[in-house]
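Given next are the chains, with one letter for each unit.
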Amino acid sequence: MLLFLYSILLLAGLGLAGALVLYATARRFHIDEDPRIDTITSLLPGANCGGCGLKGCRDFATQCVRQGSLDGIHCPVSSPAAIGEIAKVLGVEAVTGVERRIAVLKCNGTCSARPELYTYDGARSCAVMDAIAVGTRGCSYGCLGCGDCVAVCRFGAISINPETMLPVVDADKCTACGACTAECPRHLLELRPVGRRDRRVWVACSNRERGAVARRVCQAACIGCGKCARECPFGAITVADNLAYINPDTCKACGKCVGVCPTGAIHATFTIVPPKPKAETEKQ
Amino acid sequence: MKHTFRKGGIHPDAHKTASRRILFQPLPLTAWLPLSQHIGAPSVPVVKKGDKVVRGQLIAENSSFVSAGLHAPISGTVSSIEPVVMPSGKPAQAIIIKASDEEHASDEAARAAYWDTMIPNVTDRTLSESLTSEEIVKRILGAGIVGLGGATFPSHVKLSLKPGIKAEILILNGCECEPYLMCDDALMCTWPARIVEGVELMMKATGIPKAVIALEDNKPEAAKALRDALDPAYDISVMTLRTKYPQGGEKQLVEAVTGRRIASGALPLSVGAIVNNVATAFAVWQAVATGQPLIERVVTVTGDIPAEQQCNYMTAIGTPLSELPFTLPEECRAIVGGPMMGRSAVRLDAPVMKGTSGLTLLKGKGRRQPQPCVRCGACVDACPMGLEPYLLSTYGRLRMFDEARQADVADCLECGACSWSCPSSRPILDYIRIAKQRSRK
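Here the protein sequences come in this chain order: X and U. Throughout the first sequence, residue numbering follows our numbering, covering 6 to 289 in sequence. Throughout the second sequence, residue numbering follows our numbering, covering 322 to 762 in sequence.
FYI, nobody ran anything at the bench for these hints, they're computed from the structure. Quick caveat, the model's predicted, so the values are computed rather than measured. A couple of the hints might just be wrong.
What the hints assert, rightly or not - Incomplete in silico selection of chain X near chain U, CB under 8 Å:
hint, residue
1, Leu122
2, Tyr123
3, Ala128
4, Val133
5, Ala136
6, Ile137
7, Ala138
8, Val139
9, Gly143
Said to hold, decoys possible - Under the rule of at most 20 Å between Cα atoms (straight-line distance), these lysine to aspartate or glutamate pairs were calculated in the DMTMM-like manner:
hint, chain 1, residue 1, chain 2, residue 2
10, X, Lys178, X, Asp203
11, U, Lys684, U, Asp625
12, X, Lys257, X, Glu195
13, U, Lys411, X, Glu121
14, U, Lys411, X, Asp126
15, U, Lys686, U, Asp334
16, U, Lys565, U, Asp702
17, X, Lys257, X, Glu104
18, U, Lys686, X, Glu121
19, X, Lys60, U, Asp723
20, U, Lys411, X, Asp246
21, X, Lys257, X, Glu236
22, U, Lys686, U, Glu652
23, U, Lys328, U, Asp702
24, U, Lys686, U, Asp625
25, U, Lys337, U, Glu629
26, U, Lys373, U, Asp422
27, U, Lys684, X, Asp126
28, U, Lys459, U, Glu382
29, X, Lys60, U, Glu724
30, X, Lys60, X, Asp43
31, X, Lys178, X, Glu195
32, U, Lys531, U, Asp552
33, U, Lys684, U, Glu652
34, U, Lys686, X, Asp126
35, U, Lys411, X, Asp135
36, U, Lys487, U, Asp556
What the hints assert, rightly or not - Label pairs and their computed distance ranges (CB to CB):
hint, chain 1, residue 1, chain 2, residue 2, range
37, U, Cys653, X, Gly231, 39 to 45 Å
38, U, Pro744, X, Leu16, 53 to 59 Å
39, X, Pro267, U, Gly371, 31 to 37 Å
40, X, Gly216, U, Lys411, 15 to 21 Å
We treat Cβ as the ideally placed atom computed from N, Cα and C, and that holds for glycine.
Let the hints inform the model, and build the full structure from the sequences given.
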């Protein structure tokens with residue numbers, strides 16, 4: 006019986022001594038941390054994607070608590086509601102007017118537009134392929150189709166379409182963190198504003214060669230003819246280095262340029278109701 | 322016991338089956354001349370569209386010290402200066418010269434007369450004794466000579482030593498460790514005396530008292546020919562090394578010849594050595610003695626093609642690869658250079674450049690499907706630089722470029738011994754190349 010008592014007392018004593026050591030250590034090395042950092046961290050997506058330019062979500066939370074505001078830092082992944090919540094925790098007005106953006110692919114080189122020239126059996130990586138040669142499809146500007154962007158996306162928003170062998174961005178999942186735009190060795194992905202009612206228009210080509218040279222490698226290349234720039238009523242389109250660019254800030258997504266493009270290099274997220282000018286060009 | 326470098330190295334099948342003869346490839350009617358055929362700044366055109374040029378005329382000059390000039394390989398008219406496709410399929414700015422039939426005929430006659438004077442192959446040493454070192458370097462600079470072993474580093478930069486820096490030994494690289502290629506071997510067998518004279522000119526230019534022509538022991542004919550051509554007045558010796566790939570790597574060669582190791586990131590000059598290719602020595606002799614700039618080079622055509630087609634061709638720079646005489650086998654891949662360090666050619670209408678040592682046409686299915694790494698360490702044993710290729714490759718794949726830099730990825734010479742030795746056929750070098758490129762930024 007006494008053995009039991011001794012055992013219990015000994016273990017209880019050891020436990021107490023241990024607890025005292027832990028208590029003393031915790032007191033000695035205690036760091037005061039703003040509880041708001043934890044709160045804000047729990048409100049953030051937790052993907053640690055680095056889209057804000059900081060090291061991760063906790064770094065973002067620490068940064069906003071330290072400066073006491075959301076000035077100059079923005080989480081592109083969080084919804085406006087979540088940003089509002091964070092602003093409430095900080096006791097400031099939520100930043101409004103930061104429009105949601107999503108990534109678009111500036112290449113339209115489908116399998117039919119630029120057939121495969123040779124088989125590539127090196128490492129399946131766009132970066133490797135770009136460093137060695139021009140790519141299996143002959144275009145030195147276009148998509149290589151090995152899916153480096155797919156691998157780097159932390160939100161599963163990019164997938165390779167097996168028919169076109171081009172990456173497709175899922176507009177619902179894309180958070181505009183910018184990982185894919187940085188990863189693509191040919192800088193083919195661009196973050197553009199999501200647009201009113203999800204209407205976006207962009208030039209799906211990056212080829213800067215002269216029209217004839219560009220067309221030789223890809224049927225769907227922008228040839229820099231400038232028809233779209235002349236058609237645009239808002240002056241949003243500029244042609245530089247044989248390549249058209251639609252300024253997303255001035256583009257009103259009317260879609261007029263889509264119809265006049267002779268190679269179909271301009272893409273839109275909506276179907277164009279055939280306007281009159283298009284019927285005329287068809288007659289010609 | 323013959324010398325070689327100590328660390329790593331592999332023994333791929335040599336396949337040196339091509340003939341040692343050098344045939345003359347007819348001049349092309351149209352020459353494509355990319356402005357960047359060397360390491361350093363691209364050269365700047367000094368001709369414009371519509372200009373008449375003659376064979377050997379300067380058409381683009383060097384834009385900075387580390388750069389090289391470019392000369393017209395054929396007489397004709399500059400038809401345009403525009404991007405043309407390289408063997409990789411990428412476009413690069415180039416001067417395009419078109420010749421008329423009369424110009425072509427007179428060029429061919431002049432070329433035949435020029436090479437006829439080479440046939441005696443007798444050494445004449447009055448030249449290297451009469452010229453000053455500045456004059457020799459000036460002529461090399463004027464001839465647009467670059468390292469013809471493959472790295473295409475401008476030769477005048479290598480041969481103009483800074484005052485106060487002394488080199489002890491000039492090493493001539495005749496190893497040609499790359500399988501299949503025979504162009505240096507053919508050159509050494511055909512014009513050994515000219516190469517020795519080129520070496521003497523290089524010694525004079527740099528003031529180096531001692532030179533060693535290093536060959537692998539699989540080229541006994543070339544070694545004998547060179548030994549016969551040596552002049553006792555100069556301290557030049559011919560050294561045969563034990564065959565091992567990549568013996569032709571600069572650091573490996575210096576170690577094999579002198580026994581000295583070059584530190585990470587340092588040049589051979591740090592151990593008192595300068596390395597040049599034997600083909601460069603030949604080009605130096607041509608430029609200094611005959612005044613012909615670098616407008617022709619020897620190109621080996623070899624691989625899985627009929628034996629009578631496997632040969633070396635003295636080819637004008639700017640000749641399209643497809644004009645070389647070979648029948649393209651079915652289901653084959655064309656490699657510019659050898660199978661170890663060469664690059665697959667996507668377009669055969671691309672031109673021969675200063676660094677084009679050969680065209681290897683290989684049949685076969687290509688690479689095997691990569692399997693997971695089994696941690697056998699074969700790549701570590703094979704690496705001639707003492708690196709850990711499996712680790713560098715993983716850094717490249719996972720985009721860990723800072724770690725790659727700390728693991729000395731910059732020392733990698735991209736010889737491909739790691740990928741060759743991997744039992745899982747992993748594309749090790751592909752990813753190391755990425756790590757090397759991106760960690761430099």
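Going through the hints against the structure:
1. Interface restraint check for Leu122 (chain X): the shortest CB-CB distance to chain U comes to about 6 Å, inside 8 Å, so the restraint holds.
2. This hint holds: Tyr123 (chain X) has a C-beta 6 Å from the nearest C-beta of chain U, less than the 8 Å allowed.
3. Because the smallest distance between the Cβ of Ala128 (chain X) and any Cβ of chain U comes to about 4 Å, under 8 Å, the interface hint for this residue holds.
4. Residue-level restraint check for Val133 (chain X) holds (minimum Cβ-Cβ distance to chain U is 4 Å; threshold 8 Å).
5. The beta carbon of Ala136 (chain X) is positioned within 8 Å of a beta carbon in chain U (closest approach about 6 Å), and the interface hint is therefore held.
6. A least Cβ separation of about 7 Å between Ile137 (chain X) and chain U falls short of the 8 Å threshold, and the interface hint therefore holds.
7. Satisfaction of the interface hint for Ala138 (chain X) is found here, the shortest Cβ-Cβ separation to chain U being roughly 4 Å, below the 8 Å cut-off.
8. The closest approach between the C-beta of Val139 (chain X) and any C-beta of chain U is roughly 3 Å, which is under the 8 Å cut-off, so the hint is satisfied.
9. Annotation: interface hint on Gly143 (chain X) holds; nearest CB of chain U at approximately 6 Å, less than 8 Å.
10. Restraint check for Lys178 (chain X) and Asp203 (chain X): the C-alpha separation of about 14 Å stays at or below 20 Å, so the hint holds.
11. Restraint check: the Cα-Cα separation between Lys684 (chain U) and Asp625 (chain U) comes to about 6 Å, which is no more than 20 Å; the hinted pair holds.
12. Distance check on the hinted pair: Lys257 (chain X) and Glu195 (chain X) sit about 18 Å apart at the alpha-carbon level, within 20 Å; holds.
13. Using a Cα cut-off of 20 Å, the hinted pair Lys411 (chain U) and Glu121 (chain X) holds, with the two alpha carbons roughly 16 Å apart.
14. In summary, the hint linking Lys411 (chain U) to Asp126 (chain X) is supported, as the alpha carbons are separated by about 19 Å, within the 20 Å threshold.
15. Restraint check: the Cα-Cα separation between Lys686 (chain U) and Asp334 (chain U) comes to about 18 Å, which is no more than 20 Å; the hinted pair holds.
16. Simply put, Lys565 (chain U) and Asp702 (chain U) have alpha-carbon atoms about 14 Å apart, close enough for the 20 Å limit, and the pair holds.
17. At roughly 15 Å between alpha-carbon atoms, Lys257 (chain X) and Glu104 (chain X) fall within 20 Å of each other, so this suggested pair holds.
18. Restraint check for Lys686 (chain U) and Glu121 (chain X): satisfied, since their Cα atoms lie roughly 17 Å apart, inside the 20 Å limit.
19. Simply put, Lys60 (chain X) and Asp723 (chain U) have alpha-carbon atoms about 16 Å apart, close enough for the 20 Å limit, and the pair holds.
20. Taking the CA atoms of Lys411 (chain U) and Asp246 (chain X), the gap is near 17 Å; set against the 20 Å cutoff, the hint holds.
21. Of the supplied pair hints, the one linking Lys257 (chain X) and Glu236 (chain X) holds, its CA atoms being roughly 13 Å apart against a limit of 20 Å.
22. Of the supplied pair hints, the one linking Lys686 (chain U) and Glu652 (chain U) holds, its CA atoms being roughly 8 Å apart against a limit of 20 Å.
23. At roughly 8 Å between alpha-carbon atoms, Lys328 (chain U) and Asp702 (chain U) fall within 20 Å of each other, so this suggested pair holds.
24. With a C-alpha separation of about 13 Å, the suggested pairing of Lys686 (chain U) with Asp625 (chain U) holds against the 20 Å cut-off.
25. For the given pair, Lys337 (chain U) sits about 14 Å from Glu629 (chain U) by alpha-carbon distance, which is consistent with the 20 Å threshold.
26. Straight-line distance between C-alpha atoms of Lys373 (chain U) and Asp422 (chain U) comes to about 14 Å, which keeps the hinted pair within the 20 Å bound.
27. In summary, the hint linking Lys684 (chain U) to Asp126 (chain X) is supported, as the alpha carbons are separated by about 14 Å, within the 20 Å threshold.
28. Of the supplied pair hints, the one linking Lys459 (chain U) and Glu382 (chain U) holds, its CA atoms being roughly 14 Å apart against a limit of 20 Å.
29. A distance of roughly 18 Å separates the Cα atoms of Lys60 (chain X) and Glu724 (chain U); the hinted pair therefore holds under the 20 Å criterion.
30. Annotation: proposed proximity of Lys60 (chain X) to Asp43 (chain X) holds, straight-line Cα distance about 16 Å (limit 20 Å).
31. Distance restraint check for Lys178 (chain X) and Glu195 (chain X): the Cα-Cα separation of roughly 16 Å lies within the 20 Å cut-off, and the hinted pair is therefore satisfied.
32. With a CA separation close to 13 Å, the supplied pair Lys531 (chain U) and Asp552 (chain U) stays within the 20 Å bound.
33. Distance check on the hinted pair: Lys684 (chain U) and Glu652 (chain U) sit about 6 Å apart at the alpha-carbon level, within 20 Å; holds.
34. Simply put, Lys686 (chain U) and Asp126 (chain X) have alpha-carbon atoms about 9 Å apart, close enough for the 20 Å limit, and the pair holds.
35. With a CA separation close to 10 Å, the supplied pair Lys411 (chain U) and Asp135 (chain X) stays within the 20 Å bound.
36. Between Lys487 (chain U) and Asp556 (chain U) the alpha-carbon distance is near 17 Å, which keeps this suggested pair within the 20 Å criterion.
37. The supplied range of 39 to 45 Å is met by Cys653 (chain U) and Gly231 (chain X), whose beta-carbon atoms lie about 44 Å from each other.
38. For Pro744 (chain U) and Leu16 (chain X), the Cβ-Cβ distance of about 56 Å falls inside the hinted range of 53 to 59 Å, so the restraint holds.
39. A hinted range of 31 to 37 Å holds for the C-beta pair Pro267 (chain X) and Gly371 (chain U), which are about 32 Å apart.
40. Gly216 (chain X) and Lys411 (chain U) have their C-beta atoms about 19 Å apart, which keeps the hinted 15 to 21 Å range intact.
Hint compliance for this structure: every hint is met.
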